[in-house]
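Enquirer: Just so you know, the sequences run in chain order Z and E. Here the numbering used here is used: position 116 in the first sequence is 116, and no number is missing along the way. Here the numbering used here is used: position 178 in the second sequence is 178, and no number is missing along the way.
Some hints here could point you the wrong way.
Stated by the list, open to error - Derived list of chain E stretches under chain Z, where covered just means 3 residues or more per stretch with a C-beta under 8 Å from a C-beta of chain Z: (1) 153 to 162; (2) 174 to 185; (3) 203 to 211.
These aren't lab readings, by the way, just hints derived from the structure by calculation. We put the beta carbon where it would ideally sit given N, CA and C, even for glycine.
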Amino acid sequence: MENILVLTHADESGSALSKASLEAVTAGKELSARLSAPLTIGIVAADATAAAEVLTSAGTRLLAVSGDAFAQARYASDAAAAEALCHAANASIVLAPGTSRFTRVAAGVAHRLGGFIDTHITALSGTENVEASRWFYRQRVEAVLSRSTRPWFLLLDAGTHAAFAGDGQPAQIEQVSVELPVLRTTVSGFRAPEQGQQTIRPDAKILLVAGAGWTKKQPDGQVHVSEAGELILGFLRGTGASLGSSKSLVDQGGEGNSVLPFLTHLNQIGQTGSTPRHAKGLSTCCHGEEPHVVGWRFIGDRRAISLDPNCGWTRGKADVVYVADAFPVMAKVNALLEAKKA
Amino acid sequence: MANVLHIVVCAGIVPDPLQTLEPVTGPTGPGLKNEMVLPAVLDPWAASALYEAAALAAKNPGSKLWLVSLGPKAKLQQVMMTVAQKVPFELVPIDGPIGGFPDAHSTAAVLAETIAALPGLDRAKLLLFGGWESATRGAGVTLQLVGERLGITDQFQGVDQIDLHDDGSFEVLERVEGGKHQVSVCGGAPAVLGWATGNLAEPRNNPQVGMANMRTIMPALAKAKIAKLDANGLSYVSVSLPKQQRETRVVKDLTPDQIAAELVEWIGAE
């Protein structure tokens with residue numbers, strides 16, 4: 001019989017579990033019910049008692065590694081914590097959220113336990129065997145895989161399960177002690193992109209994708225980068241959207257060309273960027289394969305504004321393509337959004 | 001004061017992103033149709049790691065840079081014709097399978113064994129670089145596993161910047177959720193750094209660097225050891241292309257006002 005452990009960690013506040021962790025709890029409960037296998041939840045947090053309150057109604061054994069050393073995400077301490085939790089739970093299957101914190105350490109922990117790992121899991125299926133779905137070649141090929149070896153670590157992509165919602169009562173936690181190695185790394189904090197304005201919003205309903213067309217010469221023979229920047233930022237302000245960019249637009253900064261000052265490589269989607277999950281996506285001035293095929297894989301409802309009616313990458317990938325100049329369209333959109341707010 | 005570093009970059013080769021990929025299942029498991037004839041490039045994020053490593057080595061005289069790459073010898077040779085012109089390095093090729101479907105644990109075992117046996121490598125000076133994810137498997141685990149096998153417990157993933165201090169310690173910026181970087185200071189080598197895009201542009205081709213590199217690359221390729229990768233219990237139930245093809249409505253005859261009104265309604269729709 002399988003023995004399932006869900007690894008979770010606190011969010012930035014330190015007093016609550018991260019949303020991705022709660023999604024992993026949901027996945028764990030579903031898998032546990034399907035396999036009739038016992039479920040344990042492991043928590044890594046400075047104060048696990050506060051973080052665990054939401055899990056009271058999960059009806060499972062709760063293990064925790066707590067202390068100041070676990071307030072920060074760091075390989076040496078997190079790997080030691082996760083290893084101790086896995087040992088304590090004697091898990092054969094370990095589910096964990098694919099957050100930056102656990103993505104950094106999960107493979108190392110799997111190796112320490114003589115186990116194996118698969119990441120970016122988007123679905124769990126199978127009744128007798130556990131089968132996991134994931135994408136290969138940057139979201140171009142989809143596969144369902146299984147492993148006969150244990151322990152098997154599965155890192156779940158964010159947004160693939162609903163977040164577990166408990167009742168917030170004090171929980172009974174078993175503390176697990178950890179012998180920390182010498183810590184040579186100190187986490188000093190977080191830094192937003194130098195450009196200052198935060199344009200990446202993972203929880204936004206809509207993703208705006210800006211392509212290189214924004215910085216190309218317009219019908220008057222001039223480039224209008226500052227106007228483009230204002231239009232894009234105006235849309236973000238009006239909708240709360242997250243901003244994605246094509247590689248070609250971000251790369252222009254490194255090539256000495258005019259570039260939108262708030263864009264960094266962190267905005268980049270596609271082959272060498274991210275593949276975000278949003279309910280809707282609007283692509284503007286973008287004519288490449290990258291955003292439409294790779295970067296948009298997990299975007300629900302997709303629209304594009306493009307001057308090229310024959311753009312092969314939007315056909316079949318977007319739900320609606322408006323053949324138009326994005327400058328006047330986005331100016332009108334922003335004006336309507338402002339009027340709507342007023 | 002310069003620090004002498006021994007930087008090992010692990011970088012695979014991947015199909016050119018512009019190629020159409022079609023999965024097929026053969027006797028040894030899934031693969032890509034015509035995989036051996038698809039044009040290949042150095043894995044993009046690993047290429048970022050290579051350029052960052054070369055810049056770091058250049059700033060710290062006496063440092064050494066190895067590029068460890070696992071792939072079919074013929075494809076490695078093809079890719080190196082271009083990569084060798086970018087920055088100086090010593091290639092350590094391993095003749096093995098290409099593609100995203102072999103198990104990452106086996107790949108990591110072969111890489112770790114090869115790195116551990118590198119002549120002249122001082123592990124106390126080792127910075128193990130690579131891409132934080134490949135463009136094939138995209139698992140983001142191989143470098144971590146290599147690090148664990150080499151006993152390195154200071155690891156960083158999604159790295160965009162490293163600033164080396166005079167005492168050998170370094171500040172590192174890792175990508176975390178919400179478009180932010182986590183800032184950490186590590187006591188120094190040895191460490192693992194899985195790079196995202198970094199901050200450097202792709203270096204221009206330099207034929208002189210290429211010629212110097214190729215003098216050692218060709219003999220290294222000739223002597224490349226052959227690696228066989230175990231499945232480690234991994235099996236594929238199915239491998240397929242996504243079937244979803246959208247019925248795209250192409251709107252050509254609306255004014256900007258009309259398009260804007262339609263978009264605002266769409267944005268506001270639940």
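Enquirer: For which of the previously enumerated hints does the structure constitute a violation, in increasing order of number?
Expert: Of the numbered hints, just 3 does not hold.
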